[in-house]
Amino acid sequence: MQKITRDLLVEKAVSLLENGTVDMVLGWKKGEFDYDITPAVFANAESLKDFVFDDFCGANFSKYLIANTKKTASKVLVFLKPCDTYSFNQLLTEHRFDREKVYAVSIPCDGMVDIHKIRAVSGEGIAKIECGEKITVSTIYDETVNIEKADVLAERCVNCKSKKHVAYDELLGEDGEVLESARFDEVEKLESMTADERFEFWQGELSRCIRCNACRDVCPACTCEKCVFDNPASPVENKAAANSFEEKMFHIIRAFHVAGRCTDCGECSRVCPQHIPLHLLNRKFIKDIDNFYGEYQAGEEVGTRAPLVNYTTEDLEPGEAVEGR
Amino acid sequence: MQRIGVFVCWCGSNIAGTVDVQAVSEALKNEPGVVFSANYQYMCSQAGQNMIIEAVKEHNLTGIVVCSCSPRMHEATFRKTAAAAGLNPYMVEIANIREQCSWVHKDMLTGTEKAIILGKAAVAKVNLNTPLVAGETPVTKRALVIGGGIAGIQTALDIAEAGFPVDIVETKPTIGGKMAQLDKTFPTLDCAACILTPKMVDVAQNENIRIFSYSEVTEVKGFVGNFDVTVKKKARYVNEDICTGCGACVEKCPMKKVPNEFNLNMDNRSAIYIPFAQAVPKVATIDPNHCNMLKNGRCGVCSKVCAAGAIDYKQKDEYIQEKYGAIVVATGFNPISMDKFDEYAYNQSKDVITSLEFERLTNAAGPTAGKLLRPSDLKHPHTIVFVQCVGSRCAACAEKGKEYCSKICCMYTAKHAMLTRDKYPDTEVYVFYIDVRTPGKSFDEFYRRAVEEYGVHYIKGMVGKVFPEGDKLKVQASDLLNNKQLHIDADLVVLAAAIEPDKSARPLATMLTASMDTNDFFTEAHPKLRPVESPTAGVFLSGTCQGPKDIPETVSQASAAAAKVISLLVKDKLKGNPCVASSDELMCNGCSSCERVCPYGAITYEDKEFRMPDRTVAIRRVAKVNPAVCQGCGCCTVVCPSGAMDLRGFANRQIIAEVDAICK
Amino acid sequence: MQVNERKPLIVAFCCNWCSYAGADLAGNNRLSYPADVKIIKVPCSCRVNPMFILRAFQRGADGVILCGCHPGDCHYTSGNYYTRRRMALLFSMLDYLGIEKERTRVEWVSAAEGAKFAATMNDFAQTVAALGENKRLEDLRCKK
Numbered sequence: 001m002q003k004i005t006r007d008l009l010v011e012k013a014v015s016l017l018e019n020g021t022v023d024m025v026l027g028w029k030k031g032e033f034d035y036d037i038t039p040a041v042f043a044n045a046e047s048l049k050d051f052v053f054d055d056f057c058g059a060n061f062s063k064y065l066i067a068n069t070k071k072t073a074s075k076v077l078v079f080l081k082p083c084d085t086y087s088f089n090q091l092l093t094e095h096r097f098d099r100e101k102v103y104a105v106s107i108p109c110d111g112m113v114d115i116h117k118i119r120a121v122s123g124e125g126i127a128k129i130e131c132g133e134k135i136t137v138s139t140i141y142d143e144t145v146n147i148e149k150a151d152v153l154a155e156r157c158v159n160c161k162s163k164k165h166v167a168y169d170e171l172l173g174e175d176g177e178v179l180e181s182a183r184f185d186e187v188e189k190l191e192s193m194t195a196d197e198r199f200e201f202w203q204g205e206l207s208r209c210i211r212c213n214a215c216r217d218v219c220p221a222c223t224c225e226k227c228v229f230d231n232p233a234s235p236v237e238n239k240a241a242a243n244s245f246e247e248k249m250f251h252i253i254r255a256f257h258v259a260g261r262c263t264d265c266g267e268c269s270r271v272c273p274q275h276i277p278l279h280l281l282n283r284k285f286i287k288d289i290d291n292f293y294g295e296y297q298a299g300e301e302v303g304t305r306a307p308l309v310n311y312t313t314e315d316l317e318p319g320e321a322v323e324g325r
Numbered sequence: 001m002q003r004i005g006v007f008v009c010w011c012g013s014n015i016a017g018t019v020d021v022q023a024v025s026e027a028l029k030n031e032p033g034v035v036f037s038a039n040y041q042y043m044c045s046q047a048g049q050n051m052i053i054e055a056v057k058e059h060n061l062t063g064i065v066v067c068s069c070s071p072r073m074h075e076a077t078f079r080k081t082a083a084a085a086g087l088n089p090y091m092v093e094i095a096n097i098r099e100q101c102s103w104v105h106k107d108m109l110t111g112t113e114k115a116i117i118l119g120k121a122a123v124a125k126v127n128l129n130t131p132l133v134a135g136e137t138p139v140t141k142r143a144l145v146i147g148g149g150i151a152g153i154q155t156a157l158d159i160a161e162a163g164f165p166v167d168i169v170e171t172k173p174t175i176g177g178k179m180a181q182l183d184k185t186f187p188t189l190d191c192a193a194c195i196l197t198p199k200m201v202d203v204a205q206n207e208n209i210r211i212f213s214y215s216e217v218t219e220v221k222g223f224v225g226n227f228d229v230t231v232k233k234k235a236r237y238v239n240e241d242i243c244t245g246c247g248a249c250v251e252k253c254p255m256k257k258v259p260n261e262f263n264l265n266m267d268n269r270s271a272i273y274i275p276f277a278q279a280v281p282k283v284a285t286i287d288p289n290h291c292n293m294l295k296n297g298r299c300g301v302c303s304k305v306c307a308a309g310a311i312d313y314k315q316k317d318e319y320i321q322e323k324y325g326a327i328v329v330a331t332g333f334n335p336i337s338m339d340k341f342d343e344y345a346y347n348q349s350k351d352v353i354t355s356l357e358f359e360r361l362t363n364a365a366g367p368t369a370g371k372l373l374r375p376s377d378l379k380h381p382h383t384i385v386f387v388q389c390v391g392s393r394c395a396a397c398a399e400k401g402k403e404y405c406s407k408i409c410c411m412y413t414a415k416h417a418m419l420t421r422d423k424y425p426d427t428e429v430y431v432f433y434i435d436v437r438t439p440g441k442s443f444d445e446f447y448r449r450a451v452e453e454y455g456v457h458y459i460k461g462m463v464g465k466v467f468p469e470g471d472k473l474k475v476q477a478s479d480l481l482n483n484k485q486l487h488i489d490a491d492l493v494v495l496a497a498a499i500e501p502d503k504s505a506r507p508l509a510t511m512l513t514a515s516m517d518t519n520d521f522f523t524e525a526h527p528k529l530r531p532v533e534s535p536t537a538g539v540f541l542s543g544t545c546q547g548p549k550d551i552p553e554t555v556s557q558a559s560a561a562a563a564k565v566i567s568l569l570v571k572d573k574l575k576g577n578p579c580v581a582s583s584d585e586l587m588c589n590g591c592s593s594c595e596r597v598c599p600y601g602a603i604t605y606e607d608k609e610f611r612m613p614d615r616t617v618a619i620r621r622v623a624k625v626n627p628a629v630c631q632g633c634g635c636c637t638v639v640c641p642s643g644a645m646d647l648r649g650f651a652n653r654q655i656i657a658e659v660d661a662i663c664k
Numbered sequence: 001m002q003v004n005e006r007k008p009l010i011v012a013f014c015c016n017w018c019s020y021a022g023a024d025l026a027g028n029n030r031l032s033y034p035a036d037v038k039i040i041k042v043p044c045s046c047r048v049n050p051m052f053i054l055r056a057f058q059r060g061a062d063g064v065i066l067c068g069c070h071p072g073d074c075h076y077t078s079g080n081y082y083t084r085r086r087m088a089l090l091f092s093m094l095d096y097l098g099i100e101k102e103r104t105r106v107e108w109v110s111a112a113e114g115a116k117f118a119a120t121m122n123d124f125a126q127t128v129a130a131l132g133e134n135k136r137l138e139d140l141r142c143k144k
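So the protein sequences, as listed, match chains A, B and C. Just so you know, we're using our numbering here: the first sequence kicks off at 1 and counts up by one. Just so you know, we're using our numbering here: the second sequence kicks off at 1 and counts up by one. Just so you know, we're using our numbering here: the third sequence kicks off at 1 and counts up by one.
By construction, these hints were calculated from the structure, which means they are not laboratory data. None of these values were measured; they are calculated from a predicted model. Heads up, some of the hints might be wrong.
To give an idea of the interface, some chain C residues facing chain B are shown, with a C-beta separation under 7 Å as derived from the structure [said to hold, decoys possible]:
1) Gly27
2) Ile39
3) Lys101
4) Ala129
Calculated cross-link-like contacts (lysine to any residue; reagent style SDA-like; alpha-carbon spacing at most 25 Å) [said to hold, decoys possible]:
5) A:Lys75 to B:Lys608
6) A:Lys71 to B:Glu585
7) C:Lys116 to B:Pro613
8) B:Lys106 to C:Asn28
9) A:Lys101 to B:Val617
10) B:Lys407 to C:Asn28
11) A:Lys226 to B:Gly455
12) A:Lys71 to A:His95
13) B:Lys503 to B:Glu161
14) A:Lys71 to B:Val617
15) B:Lys608 to A:Lys29
16) A:Lys287 to A:Glu205
17) B:Lys423 to B:Gly455
18) B:Lys608 to A:Ala233
19) A:Lys70 to B:Val617
20) B:Lys199 to B:Lys256
21) B:Lys608 to A:Pro232
22) A:Lys226 to B:Pro613
23) C:Lys116 to B:Asp107
24) A:Lys226 to B:Lys624
25) B:Lys400 to A:Thr313
26) A:Lys226 to B:Lys423
27) A:Lys71 to B:Lys423
28) B:Lys402 to B:Leu264
29) C:Lys101 to A:Phe292
30) A:Lys70 to B:Lys624
All C-beta atoms in this analysis are idealised placements derived from N, C-alpha and C, irrespective of residue type, glycine included.
Next comes chain A alone, as it looks inside the complex (with noise of 0.2 Å):
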């Protein structure tokens, strides 16, 4: 298997634009830290010299396509990992960018880390973090710890739900297959809970929101001109939360919105900066409409029918809802 490289990717990007086929790369450069990767936009060769892949390229660049298509005449390259192609074709589904104005290259990937867990092994005063398949982090205090990558890798990359890429122009290195996924196991063991139990966990979890707007802001789904909670003429505008329903009713709000939409690409849990499980909200949505509606999975194709603009005439009850999932 062609092992996918920064070298090959910038290769790939230089040659694009040199032959013309685009005149902008979507990609990803080194922020303040090692692992504080930023997606950016490359306008020309020399500036590739920036861009970086390694295991922190967590970001989801399908939502960037819907501002960038608009500043260009000609193409943008993306790279698209498989759980980005799925938000790729929910966008396109939904109209949000012009696909001639995108060259796709769609690459594998064995997943991302997560630096909550390495530095929960590591301790503060990370210097500098080598990846590969062990993770060697140094630290301001000269020490070095070496991780398993594996034991390390995000939430959302541990419950991959698919390795097979289903939007691309062109494919680096191989196309994989939808997994079975555990993805769902923390869905059930809090459905398995007891309503206070419930309840506690998520006051616990959705109390701390601090209403930063990161969760809208990076998700591919929330892609609306105004969101309603800024809009001063809608009803339920707000700035801050003053008190703990306002989050929840933002995060059942948001949840809702993107209910069939969502694509499942964890953006949402992994830019809080609380670290409060949203992907829980939208993948009890998933869970439910699979149960009730049969599987379906968002951006798996172009022009499919999302579950809430659909329906049957044997759908169940709501009122058998909570027994039926």
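Starting from the known structure of chain A, fit chains B and C onto it as the hints suggest.
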């Protein structure tokens, strides 16, 4: 800020008996926006209405809350009152303190308390009301009928009779449809041609009717009263206006081996053909798949023999654009394919036929000139087995057949059986059935005559297998009433194939944004109360495109659809419902969710230019609601995450204001 | 009997064509149900945004019930089918968050079912009253 007047009605003692009306009007005086509050014995009386009109003038009211009976009773009354006072009628809200308060609560304290809360909710809503004006759209006074079978013919004739121009679009070279292929019609046994062809002639001669035969609808735009339709007139290589239908070309055409679809391919026709003698329009059509001249330029006989000079090998498809006020769908049905029913050996033996083929075999204009002969050896059959429900009522084998009852088969099979016994008393006739369903005027009498007077053997049970052996067809069947297995050596087996909507219906439904059920039958706007209207305004349903029907039912529905069309076309303008959805294009991101849930196809998208803060111009896809088509259900508003889509008269803010007022 | 028994607050969204008319019929027939039930008229049950329901809870409602035409009888042909899906998912989510599932309900009430309307409201009010005050979804700022 609104200036709201509150009017609390006593309704005699109906309200005042359980609600302290004085307390209600006092309490509501203090609500935001309220500048006047009063109560009166009968607000709906002339005196009550005058009181409202005077208060509007005296206090410069901009909104009105009436606490009274249900809005279903008097909302319209008070809206008229508001209009009389110079207010927009939609600045009125009703608090239902009779049906939903005084009549269901017994205690004065409880009733008064609740009436105040309901009043507060209405005040909160009126504070956010805006004047609404119903849009008006003109009506194009011309109707389109898609499909020229008996349904389309009847609808077109009725509309034309009322004085409106009608166009019929028919895919076949002639109108007439399935009925033209039938022999006799149940339960009166008149000959189909004798009652149909005069109607076809009426259509041809009616100056209000145009026939686009050998044509199809390729595009539909617009909405009720204003449809823009493109019709493709396929090239028939014969100039319709000149052709006299003399038939010389048909006679002389050397290519005579083309399967004749009118006779269900049981005989042949020529490459240039007129489907049947009474075809309308009676003009020839060249089949480009079989004409040597068109295929390789070697022939030209028809052109030489045509005295009128009507043959035109260079004719091209023609696209006609026309405006219509209403569209009637009459696309009809077809028997389902028998390919999946191998157990009946349809594809193995020529002597296993469908009921429609049987019609042609017994029709005097059919391939056997009306003599009942086996297709294989043209011998007279002595034993005939009819199998009912082939592909109908097929719950278990849904992918093979249809779950529904095709409705017409019981009766036509009784007809076939009876006519066979009548003409050929030496023939034994067996009918295998699940149930015999004969509701309809004179239907059961007809069926009983077949059994009692004509000696048809009706056997409850299904045929399991048919297989050819020698020149016989071995039929294995069960007799459920006698609990026996039967083996019959038959000469002919007739399958009552289920019927399904014509294949053209599905793409047409998409063009019309009309909804269909899972079987591809068009859905009606209401199954009981609006059976001939599609939920899409301005689209009407005629005949079997809506569900299986016999001829009498088809004709009644066709006339009903015509009546609905006429009542639409007599209007000069259509007044809309102002409580419709509308999209804020600044917030819409064009995701299409609203379009997908709209049952009326009222939402379309357009690319619109927006000036961005950085002075660039961005093009964005945004939703547009056609207020003439929207019926105001509000389904779209909930799938719109940003709230760009909102419903006038029931806006998000208004409903939440009511919620807040109630929960306060 | 307790004198100061707390009255639950119930918001009922009723579609204009079936359930609101059903409520009127209950009134015509003088079939009583608790005054705690306050009806908001919507054109169709599919007009009810989950936001409205959460808002009602947030402002102190103890129960929210949605009434619409029976499936298959929607005035707008398909509105209540969408309602059914939306509410099934929303109610399941609320339960997942630990909110008593008895506080939410969807009931199909036709214009002819005045008796069903009254019976439904009696039953729902009783169920909600038994749960006591809605603490989990209430926004305390909104209490006077």
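Structure-based check of all given hints:
| no. | hint | in the structure |
| --- | --- | --- |
| 1 | Gly27 | holds, 3 Å |
| 2 | Ile39 | holds, 5 Å |
| 3 | Lys101 | violated, 20 Å |
| 4 | Ala129 | violated, 15 Å |
| 5 | A:Lys75 to B:Lys608 | holds, 21 Å |
| 6 | A:Lys71 to B:Glu585 | holds, 21 Å |
| 7 | C:Lys116 to B:Pro613 | violated, 56 Å |
| 8 | B:Lys106 to C:Asn28 | holds, 14 Å |
| 9 | A:Lys101 to B:Val617 | holds, 17 Å |
| 10 | B:Lys407 to C:Asn28 | violated, 42 Å |
| 11 | A:Lys226 to B:Gly455 | violated, 77 Å |
| 12 | A:Lys71 to A:His95 | holds, 17 Å |
| 13 | B:Lys503 to B:Glu161 | violated, 30 Å |
| 14 | A:Lys71 to B:Val617 | holds, 10 Å |
| 15 | B:Lys608 to A:Lys29 | violated, 35 Å |
| 16 | A:Lys287 to A:Glu205 | holds, 20 Å |
| 17 | B:Lys423 to B:Gly455 | holds, 13 Å |
| 18 | B:Lys608 to A:Ala233 | holds, 22 Å |
| 19 | A:Lys70 to B:Val617 | holds, 10 Å |
| 20 | B:Lys199 to B:Lys256 | violated, 31 Å |
| 21 | B:Lys608 to A:Pro232 | holds, 24 Å |
| 22 | A:Lys226 to B:Pro613 | holds, 15 Å |
| 23 | C:Lys116 to B:Asp107 | holds, 22 Å |
| 24 | A:Lys226 to B:Lys624 | holds, 18 Å |
| 25 | B:Lys400 to A:Thr313 | holds, 22 Å |
| 26 | A:Lys226 to B:Lys423 | violated, 78 Å |
| 27 | A:Lys71 to B:Lys423 | violated, 81 Å |
| 28 | B:Lys402 to B:Leu264 | holds, 22 Å |
| 29 | C:Lys101 to A:Phe292 | holds, 17 Å |
| 30 | A:Lys70 to B:Lys624 | holds, 22 Å |
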